[in-house]
Amino acid sequence: MPPKYHVLSVLVENRAGVLARVSALFARRGYNIYSLAVAPTDDERFSRITVVVDVEQAPLEQVVKQLNKLIHVIKISELDPRDSVERELMLVTVKAPAEVRGQIIELIGVFDGRIIDVGHDELALSLDEHPERLDDLEDLLRPFGIIDLQRTGRVALPKLERS
Amino acid sequence: MNTNGGQALIKSLELEGVEVIFGLPGGAILPVYDPILDSPIRHVLVRHEQGAGHMAEGFAHATGRPGVAMVTSGPGATNIVTPLADAYMDSIPMVVITGQVPLPSIGTDAFQECDTVGITRGVTKHNELVTRAEDIPMAIRQAFHIATTGRPGPVLVDIPKDIVDPMNPASAMNWHWPTDADVSSSMPGYKPTTKGHPKKIKEAAVLIATARQPVIYAGGGILKARAAEALRELAELTGIPVVTTLMARGAFPDDHELCLGMPGMHGNYTAVTAMQQADLLIALGSRFDDRVTGKLDGFAPGAKIIHVDIDPAELGKVRRPDVPIVGDCRLVIEEIIKALNALGGQQSRMDITPWRQQVSGWQEQYPLVYEQSQDGDLLKPQYVLEQLRDRSPADTIVASGVGQHQMWTSQYWKFNYPYTWVNSGGLGTMGFSVPAAIGAKVGRPDRTVWAVDGDGCFQMTAQELVTAATERIPVKIAILNNAYLGMVRQWQEMFYEERYSEVYLSPDLPDYVKWAEAMGCIALRVESPDEVGPAIDKANEINDRPVVLEFRTDASEKVFPMVSPGTTNDQIDVGPLQNGLGR
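Sequences listed follow chains D and C, in order.
Reading the first sequence from the start, the letters are residues 1 to 163 in my numbering.
Reading the second sequence from the start, the letters are residues 1 to 583 in my numbering.
No lab work stands behind these hints, which were simulated from the structure alone.
Keep in mind that the hints are not guaranteed to be accurate.
As the list claims (entries may be wrong) - When the alpha-carbon atoms are kept at most 30 Å apart in a straight line, the in silico DSS-like pairs for lysine-lysine are as follows:
1) K202/C x K69/D
2) K191/C x K75/D
3) K69/D x K195/C
4) K65/D x K414/C
5) K414/C x K69/D
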């Protein structure tokens, strides 16, 4: 994860071409989208795009204003990681010959993840957690030999107020 | 099923009040062209789709109403990309209808297929591919609403052939015309803010009342908001001098004692310097364009900024304002006037007489100047423009292309009426003037319309004079033929050690008079100063066909003043005739 990443939560109309319009505003400025998650909200006329970008604050403000000008964008909020709850799902297939299989099973247990598929010499694991916890598990699994790994990109919502 | 998509499209345009479509048919848009035969809407058949787009822009510039262009798929659509980009940069309301291959063929590399919405996404305020015939009336209503409200801009509606072709069952539909309420509820994300925030308006009034050296920095937004009257009221109430940017020429009358004219790279000394030394810039519908600010960190260093714009993205984009106000320029100016009056009238405001005197001093010391040509020399472009200005009606609409001739026109014309200046500001599109002038004349047939063009620009879009001659649209074209891409030549002379690379065009090839005559125009070549006036008078008398005057002008003439690229506005070069005068 880059150091100065920002998480934007963009509520959009759920229709063709919206994602292209949103991503084009980052692309034309040469900003890389670090991760992206899109799905309909409870009201299926709308979708929520959670986008993580590596941009300085000042250009980000301008991008947010430009995003707001898109006809199909309803609302944009920047989610400060300190004030939001974040989750991400990771699926990973890892080499698991008999001599280390126990260690891997123990590890996924520690992380509260699950084994979702079992092969002769491989295990497929899943973990939905805070993105940094996924990073940790990824680091710990790497020495065993990661065969495939897929993350969904983070989704986030503002923390609830408690006063 | 009581109609089809093609008929519904034309009926929708009629109901939106469209009087004229600029366009050129082709395979995919054919079914929409058939009902045009039965419609009261006038269609102007262009010779190149770029011409259709610029005509629609010229129409919108001159009338304030959205221009409409219609072209076919593929190359028709790509040919209109430049006008879309131009209209997007200059916030021109325009609706472009493009044909598209039938829905089942999209994505198959069909004949004359291209991804029109993909290509035009970045150069339109909005675009939409319509996929059902019954959605056409709503798509058209949305397009006009988006194009004309908030910050205006171009909207493209892409129409696949099958949903408009009566031979195809996919085109069958029941007519339904959405209400205004339907339109706004169909776009929950689109609600432009028009009323300024009362607290900010009060803050703005206080800044205005306490400024010692204020300048009103009026931009194109004044014209878009129909705010010229309100601006005049504000200026006269406060006595604050007004600069009018390239996009705002005519928004405040040039003959007004408070008008300082155009600022920027080729602005006059007073406009540029007043902004530099201001302690308050009241930016109204202007966007701190790089051609206005010069090197940004040296721009108006001591000025506080009030920035009024209907587009929130403009506030703070370039220069952070002390008082940002999102809103329609006219409404906000009217509120600022009320707030100023509430502060207690003139006695409550700072006396800016010394500032006004300083500004007048600059005006006297640094007027625009040029040296008249000697007998036998080529014409001075500035002289041609002065003659054109003085011999044409005061409310003449003037279009221009892009380059030296554009700057001279902006400098030397007296714009005393709004909506009389039609030019390509942001994008800087060479070839804009001929089609834009035609569009303006279609929109304002009661006005004299002159296009001032360069020889380079003219060669890009001249074929639209065939359109003008055929359709009896009597525009007048003044070509300042200096046989060069003049502005590029000027930069090569000044910044590339006079190494002239690929800028020479030849004065005689093409033969502009023969060419214009071949296109159905009356044409005259003008070579000496004493021929200039009579030729212009003759052109102004012709009202049944287009006229082209070719003026042979001096290529060594450069546009001054000039703020060189990369320098601050303090380093303005007033030119060889005034350099050395005490500052």
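Verification of the supplied hints:
no., hint, in the structure
1, K202/C x K69/D, "27 Å, holds"
2, K191/C x K75/D, "12 Å, holds"
3, K69/D x K195/C, "17 Å, holds"
4, K65/D x K414/C, "37 Å, violated"
5, K414/C x K69/D, "36 Å, violated"
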